[in-house]
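Counted the way my numbering counts, the sequence shown spans residues 8 to 573.
It is worth saying that the hints were derived from the structure and are not from the lab.
Be careful, since some hints might not be right.
SDA-like mimics (lysine to any residue), calculated; alpha carbons at most 25 Å apart, straight line [what the hints assert, rightly or not]:
hint, residue 1, residue 2
1, 511, 341
2, 511, 499
3, 24, 135
4, 341, 311
5, 226, 12
6, 300, 565
7, 307, 51
8, 424, 462
9, 341, 443
10, 511, 495
11, 327, 341
12, 406, 12
13, 168, 83
14, 315, 384
15, 300, 260
16, 565, 310
17, 226, 311
18, 411, 133
19, 310, 341
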Amino acid sequence: MHYTDLIAAFILRVFWKLKRWLLIYLPNRPLLDGPYSEPGISYPASLSPGNPARGEAWLNGDYSLPGAIVHAPGNNPFYLRPPNEEWAMSLQSFDWLQHIIALNTPKTNTIAVQAILDWITYTTLSNRLAWRSEIVARRLMVWSQALPFLMPLMTTIDRAKVLASMGTQARYLEHMVESTLPGYMRIVSACGLTYSAFAITGGGGRLQTGIRILCRELKKQILQDGGHISREPKLLAQILMDLTAIRHAMQQRQIQVPQDINTSCNLISSAIDFYCYPDGQFCVFNGSTQGEKSLIDAAKKLKQKKSKGFQYATSSGYQKLTSGQSHIMMDVGKTPPASYSQQAHVAPLAFEFTHNAQRIFVNCGPNLVNGNEWREASRTPAAHNTLSFPSLSSNFFLKSEFSKKMLGTRLSAPNLKCVARRIEDPGGTWLEASHNLFAKLNGYSHHRRIYLMTDGYDFRGEDSLLPSGKTQTPSKFVIRFHLHPDINVSASSDGKSVLLAYKKGPGWIFLCSGAHLENMQVMESVYMGAHGYPVRSNQIVLTGMPDSNGAFINWGLKVAYDIEQK
């Protein structure tokens, strides 16, 4: 199957390169040039609220974006040499512009106008990254959102330049929309094409094409529980915003909204509630960061009808346990289909634990700024609260550079399957789960049982390795419990317990035992779940060695003291 995908990807790559060449270099560019466009319905600013603090940072030269941390005060970011392609695409998408618009002063809006005009002047059609379909789509939607704030500051000539450029970009996107790789970015491209039909005049054909592709992709990618097929929670907020913008525009034009869009909006609204912790942000699984709180808050306000919350996202493969003020999210799902696994992590049975609004046990999260080595490491089991074998961590990714170039950063993990069973009783909730990831690699299957008492102050777990029928290859296993940077750690002198404390909440004590447990220690870790860059933290690390019968380790977290009672 891998080789079939490679051949198909190569053929499609050649086809789209040829089509792009014809679009750009045909005499007089007949497919891109068109009649003068007038502004139409703007993308509602309330659906994509910027962060004024990030806007101030940008104006002070902090050009950090997905891809790299860049500080260059006094420099125009478009004149800088991009540190890598991902940063360059993030810059070209103009997603950062919404943070400047959020400041909404004559001075900052003038800077935003100049940024758009600079792009029009200095970015040519030959710039491959600037004209990727999903980048064009996002740029069109961001510019549409900004126009009501910026038009009053533009001269007649500048206004004409901007509208002409948007018309060219929209026509380009109409021809190249299907070149987007499968997955979330294809939804972005379809949304951008659809919205361009409302943002500027003369887009009847674009509307039909955009709606057709969008509805097709929503059917493929939005699961029955409202999750995305990639299993990345953070994507849902932006998808919901883009779909809502399209719905509003269609209603303004008195065009019937397709049922696929309405259904997807309702499903996603419920899923966003499921994936958020009491701090109002997302759990950190499968490439997701916590997300921008202002965007999540705006997304939650869109929920049209109250529905009963759920505790098990069956299609997406997540279980949620809630007792008292404690919340656990656990990954019990299979890996996404290969073409949708570009950002997916390999961390079966990983969990996160929060108490009230404080995150305690967290997955490390994706690294968005330090390059491929860091990013790949953040996708392995070792960067999550689960059991792993250090000797197997390189088996989950494509190794050939040609394969990576053709197929992207998709997983090459075995066909991972998880089985889960949930039992609720008056005393608390049990969750039992197992997976087959290691079965073909070293002959063991991993089983995990967790229990959360009704009051939320007693959390217990058991990890076991059982022979899977194949000849076993014993090797050292590690069970990691990564801690949020806010958590202070103090290990006992006998090495049998760890005290966890934070400013506003109870203290907790972590205990573990088991005949196969060799060592427990506190080690350094990093947390990247907030913004995608590393912040120093700690982790509790249990190590052991299975025997012919496997291995069994018990652990638990209990309240040591309640700070409010001290």
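Hint check results:
A threshold of 25 Å between alpha carbons decides the hint, and for residue 511 with residue 341 the separation of about 36 Å lies outside it, so the pair is violated. Our distance criterion of 25 Å between C-alpha atoms is met by residue 511 and residue 499, whose separation comes to about 22 Å. Straight-line distance between C-alpha atoms of residue 24 and residue 135 comes to about 10 Å, which keeps the hinted pair within the 25 Å bound. Using a Cα cut-off of 25 Å, the hinted pair residue 341 and residue 311 is violated, with the two alpha carbons roughly 31 Å apart.
Of the pairs offered as hints, the one joining residue 226 and residue 12 holds, with about 22 Å between alpha carbons and a cut-off of 25 Å not exceeded. At most 25 Å may separate the alpha-carbon atoms for a hinted pair to count; residue 300 and residue 565 exceed this at roughly 30 Å. Restraint check for residue 307 and residue 51: satisfied, since their Cα atoms lie roughly 16 Å apart, inside the 25 Å limit. Note on residue 424 and residue 462: the hinted pairing is violated, with a Cα-Cα distance of about 32 Å set against a maximum of 25 Å.
For the hint linking residue 341 to residue 443, the alpha-carbon distance of about 10 Å falls within 25 Å, and the restraint holds. With a C-alpha separation of about 12 Å, the suggested pairing of residue 511 with residue 495 holds against the 25 Å cut-off. Straight-line distance between C-alpha atoms of residue 327 and residue 341 comes to about 16 Å, which keeps the hinted pair within the 25 Å bound. Using a Cα cut-off of 25 Å, the hinted pair residue 406 and residue 12 holds, with the two alpha carbons roughly 15 Å apart.
A threshold of 25 Å between alpha carbons decides the hint, and for residue 168 with residue 83 the separation of about 20 Å falls inside it, so the pair holds. This hinted pair does not check out: residue 315 and residue 384 have alpha carbons roughly 38 Å apart, beyond 25 Å. In summary, the hint linking residue 300 to residue 260 is not supported, as the alpha carbons are separated by about 31 Å, beyond the 25 Å threshold. As the CA atoms of residue 565 and residue 310 are separated by approximately 36 Å, the hinted pair breaks the 25 Å bound.
Between residue 226 and residue 311 the CA atoms are separated by roughly 21 Å; this keeps the pair inside 25 Å, and the hint holds. Between residue 411 and residue 133 the alpha-carbon distance is near 24 Å, which keeps this suggested pair within the 25 Å criterion. Pair hint residue 310 plus residue 341 does not hold up; C-alpha atoms about 29 Å apart against a cutoff of 25 Å.
The structure fails to meet hints 1, 4, 6, 8, 14, 15, 16 and 19 from the earlier list, while all remaining hints are met.
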